[in-house]
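Novice: So the chains spell out like this:
Number of protein chains: 2
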Amino acid sequence: MEKKNLNRNMADLKKVRMTGGLLGLKYTSVLNNVIPYQWKALNDEIDEGDMEPSHAIENFRIAAGLSRGEFHGMVFQDSDLAKWLEAVAYQLAVTPDDNLKKRADEVIDIIALAQQPDGYLNTYYTVKEPDKRWTNLRECHELYCAGHMLEAAVAYYRATGERKLLDVMIRFVNLIDTLFGPGEGKKRGYPGHQEIELALMRLYAITNDRKHLDLAKYFIDERGKRPSYFEKEWEDRGRINHWSVFAKWDDAYNQAHLPVREQKAAVGHAVRAVYMYCAMTDVAMETNDDPLKEACRGLWENVTNRQMYITGGIGSSGYQEAFTFDYDMPNDRAYNETCASIGLIFWAQRMFLMDGESRYIDVLEQALYNGVLSGMSQDGTRFFYVNPLEVKPESCLRRHDKEHVKPVRQKWFACACCPPNLARLLASLGQYMYFQAGDGPGINLYGDSSSRFEIRGREITLEQKTNYPWEGSVGIQVKGAAETPFALRMRIPGWCREWNVLVNGKACETTRERGYVILDRIWQEGDRVELSFAMPVRVMYSATKLQENAGRGALVMGPVVYCLEEADNGKDLSSLILKRETPFDVEFRKDLLDGVNRIRAQGLRESSPSETIYTDRAPGTEPAELIFIPYYAWNNRAEGEMLVWVRV
Amino acid sequence: MEKKNLNRNMADLKKVRMTGGLLGLKYTSVLNNVIPYQWKALNDEIDEGDMEPSHAIENFRIAAGLSRGEFHGMVFQDSDLAKWLEAVAYQLAVTPDDNLKKRADEVIDIIALAQQPDGYLNTYYTVKEPDKRWTNLRECHELYCAGHMLEAAVAYYRATGERKLLDVMIRFVNLIDTLFGPGEGKKRGYPGHQEIELALMRLYAITNDRKHLDLAKYFIDERGKRPSYFEKEWEDRGRINHWSVFAKWDDAYNQAHLPVREQKAAVGHAVRAVYMYCAMTDVAMETNDDPLKEACRGLWENVTNRQMYITGGIGSSGYQEAFTFDYDMPNDRAYNETCASIGLIFWAQRMFLMDGESRYIDVLEQALYNGVLSGMSQDGTRFFYVNPLEVKPESCLRRHDKEHVKPVRQKWFACACCPPNLARLLASLGQYMYFQAGDGPGINLYGDSSSRFEIRGREITLEQKTNYPWEGSVGIQVKGAAETPFALRMRIPGWCREWNVLVNGKACETTRERGYVILDRIWQEGDRVELSFAMPVRVMYSATKLQENAGRGALVMGPVVYCLEEADNGKDLSSLILKRETPFDVEFRKDLLDGVNRIRAQGLRESSPSETIYTDRAPGTEPAELIFIPYYAWNNRAEGEMLVWVRV
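From first to last, the protein sequence lines are chains A and B.
Residue numbers for the first sequence follow this note's numbering, beginning at 1 and rising by one.
Residue numbers for the second sequence follow this note's numbering, beginning at 1 and rising by one.
Looking at chain A on its own, in the form it has when it is part of the complex (with noise of 0.2 Å):
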């Protein structure tokens, strides 16, 4: 049964201002230092002798006939240069800025140049293959691309109101309605990397061409049909495969073993599964679909709590980087992709519009400050791809299984998909913070920052000052309200236990409703709100089905999980055990990875009675100091172990 629900919508993004705190001081970053640094790794500006060369620019500038060469880079390189535009909208939407707008104007006059003249666009088939167009839509992430370059149009296009890029992708997307769904004479083929099913739901957003909701319904509608398109393609095409592993069968791998809403369980890989559950969350929503919300909320089940890392990191086989099965989570072989964790934040926001549960944000919330801050070094300029729980350098780096995961932070990557996700992601994290419901505005996120919002006619602005996650409490200035009436929404988190509300320092009536707390009053400017949660250092355990963490347990405080570093303690993490009864000493150090809690906890430390690999004497325990930081900031200071699930 669905509640009766209020209009949810996300905050716009102008209108909100990152101020201060951790996720302020990840924003910054992105726009100081990830950007500028993409921005030169797509040009190939960057002369560090190990990084791979991006040529993502250079592709675009023989595509427009402005060079002369050979397509460079994966498949799908395009895709890199369309979320770096889509963070630089992102930026431009808050912070303006000439020269970068310039850039990003030069850019686009490229890609414009470099769309063909029925509309097509993609380098690497107008430069490589330009006879081989739509032949492998299974492997060659043409329509991957086009998605990820309609989502920077839209982004742009919000962001500036220039319709350039917009245009050009309208064209695109009108030449690819010609071609492929139901009608007679079309293929009714969809893409192999799901992508611009959601990002034709921003398109239509905008445009609302019933044209844009059409071709992507049809892409999720058509998707796991048998018999199988993707095989017709292949016999077609001489059964010519464009990578090797694909010549192995495998219809889980992108989602297309069955029709989405047969799915029950997450499978394949995980990147391409949580943008097509966006797009199927969206598609629900718009078109009021109840079979296909409930396909989302069954997935969205499986995923979150059968596969997910405490991390918020999904899919945990390096091969084919994806998910496999319910409980099988090992966390020194986890891949959990940055990108996964980015794809699952987007899913999550749709999942919490389409039923305003704040569980949804919970977890948005818990992969944010854990799964894909991770993915980005202090400085933003090193990143990991993969995300495991449990890192032994040495293992890492002589154990062919653990190949795929890096002890350190890379500078680039010859695919380079989550570096720039990163990027987009964090430069929009605004519009993740707040939303509106009804008449009434919204916090999802708690952190230094504001937001205004139409209410009743007037600009009410809402701003944030605390110092979450580091601690529970969150003062809310009201602005803008004069006998305003209005009822505004705070999230409680789902860690959290006990909160209190005060409005101008005293308690105050209110309600609640699926996670949040909802003072429903008369608003004056310069109204205070102080929110507090307590946020108590917790043990978690895991599902004893979860055998990868039988006996152990992670220390979570609000939302951030912690671990053990080597920095702090030593070598051989997994002969720590923590004390089940231990205190807690929490303490904020500002002088520490850019200001983080660092936890101390009483434990035991085991050592070897003997040098002999096997004894019968039960190893010696003295006392030990366990030392946490959060998880995310590990690998910041020197290479070494680090690990999430400790000994209890």
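Treat the hints loosely; a few may be bogus.
Chain copies aren't distinguished; within one or between two, either way the pair holds.
To be verified - Subject to a maximum C-alpha distance of 25 Å in a straight line, what follows is the list of computed SDA-like cross-link-like pairs (lysine to any residue): (1) K579 x E606; (2) K164 x P96; (3) K545 x V408; (4) K128 x R8; (5) K579 x E233; (6) K101 x R538; (7) K187 x E530; (8) K248 x V408; (9) K406 x C396; (10) K579 x A618; (11) K406 x D328.
Derived from the structure by calculation, the hints contain no laboratory data.
Given the structure of chain A, go ahead and fit chain B onto it with the hints provided.
Specialist: Coordinates of chain B only, in the frame set by chain A:
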């Protein structure tokens, strides 16, 4: 410093009878089941849909001109037949069987016909690439196959006195000797897969022809020198690889990264390594080469005290079937190839012959009762190539990083090295049970059996009656003595803390040396020795550096490692916890798995307090009885989970 040594010799296989007990049962199973089954397999007479054909004998027929067709199978397919023939020889040494001998002789006739006029013998090159002989020692196993056939020839000659195969192989060895070595005009090559070195030492023991020793020693001494022979060979043949995986250069894979005397840690392919260590030990003993002896001892220490599973399994990486680095021993992704543990037995025996210490036989026994016997099903027709210490079947089937781990024993393998290797080891078990040191007989392994010895001109027989390894008492009857003075050596297993020895029911004077109890007395016909070992169930712990086993223990009783299996304990074995102070209820169950000890212990079963994957409520516990069976006997009832290292 070398201690003064008695001359030690293995028992003469012909003089040993396996009369019962666990080892006798396995011996009989090899004769009754394995050898006949493998004969059918080698002849492709087993018609089971999913079984890989062998074609091994057909390849010889084709090479011999008796059949027409193509070569099929691995480049080392010849060795499967060689190992089978060797096993047959061991059977014939003890148990005449005219039909079997006729079969073997017919096969030997074919082999002889397959030999080329110059002495060359290898069906792959003869049939498929006759002009490519000796162009790819690194990858293509010519010397390896020669080694196995040479071992078979020596064994067959020793068993039957017949020289036909021996003469074939001596001709081939002579050819090899003209091609490789330090002499002018010879190639400075050595095997890519070590094996012929130890086979040459076995040949030398018969021929006493210095040339055979010199060739073995040359292969040992030449290995790992720079510039790399393998690299030169690769250049010479136009940089072509037989196996694509070899395109990545890695001299450590076949222990050619350093001269053998400089090798301190075991690296690379585990079977190659231990076969090489065998030959190093043989050559060191024969030539009294102290630096080589020291290298052997150093490698022994590294393998057995840094890289060996408690089951005697070695080689923890599926990739390259290889050693990795110290203390890197995941239980669920172990490779632990059956052949590698067999090779470890071969090596342990040689280390014992060299140094006379019982601790080498401790490892031999550990590998035999655990990592080797686990390779074969109860009925002798199913085999594990890979021997993990923790299995969750779904995970093996669905996780790519466990694709080498089969949750059930297989019928045969495309690379069928392990089954015939098991056959040749188990068929020759007798020679490992007894030894002669100087004038006196010795017992290394306990089990129902007898062995004859020549002592001071008399034939003395030792007859063991025991229920070892299920109980610790061994009765030894001495026959054929008449006031005969000799020292009887009996190994006190390294795991044994308390033991007692009686002669004719009375305490007697003993001495102890290198792990042996010595009864040096004048023996009479019918003297009866009763040896008893205290054999409690012991909980073994790992060195702290072996982090995979942190917080866990393994049950061992005598030489046998025990495990939990789903058939006895249900699913989710990691939710079971062994109480540290539990009493152990040991019961010999004649009806269970051909007769094994079943151990019951007290423990707890954890269960999650909710359906939520992560919770701050610690798992609940309830009392549970834990039921252990011998590790080697797992997976003889139903597919299911198995676990050696249990939480304590």
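Novice: Now look at each hint and say whether the structure bears it out.
Specialist: Hints, one by one, checked against the model:
1. K579 x E606: both (13 Å within a copy, 18 Å between copies)
2. K164 x P96: Answer is within: at 18 Å inside a copy they meet the 25 Å cutoff, but 91 Å across does not.
3. K545 x V408: Close across copies (22 Å), not inside one copy (31 Å); limit 25 Å.
4. K128 x R8: neither (45 Å within a copy, 72 Å between copies)
5. K579 x E233: Neither, since 59 Å and 60 Å both go past 25 Å.
6. K101 x R538: Neither way: K101 and R538 sit 46 Å apart in one copy and 72 Å across, limit 25 Å.
7. K187 x E530: neither (57 Å within a copy, 85 Å between copies)
8. K248 x V408: between (32 Å within a copy, 24 Å between copies)
9. K406 x C396: For K406 and C396, the Cα distance is within 25 Å both inside one copy (6 Å) and across copies (24 Å).
10. K579 x A618: both (18 Å within a copy, 13 Å between copies)
11. K406 x D328: Close inside one copy (21 Å) and across copies (17 Å); limit 25 Å.
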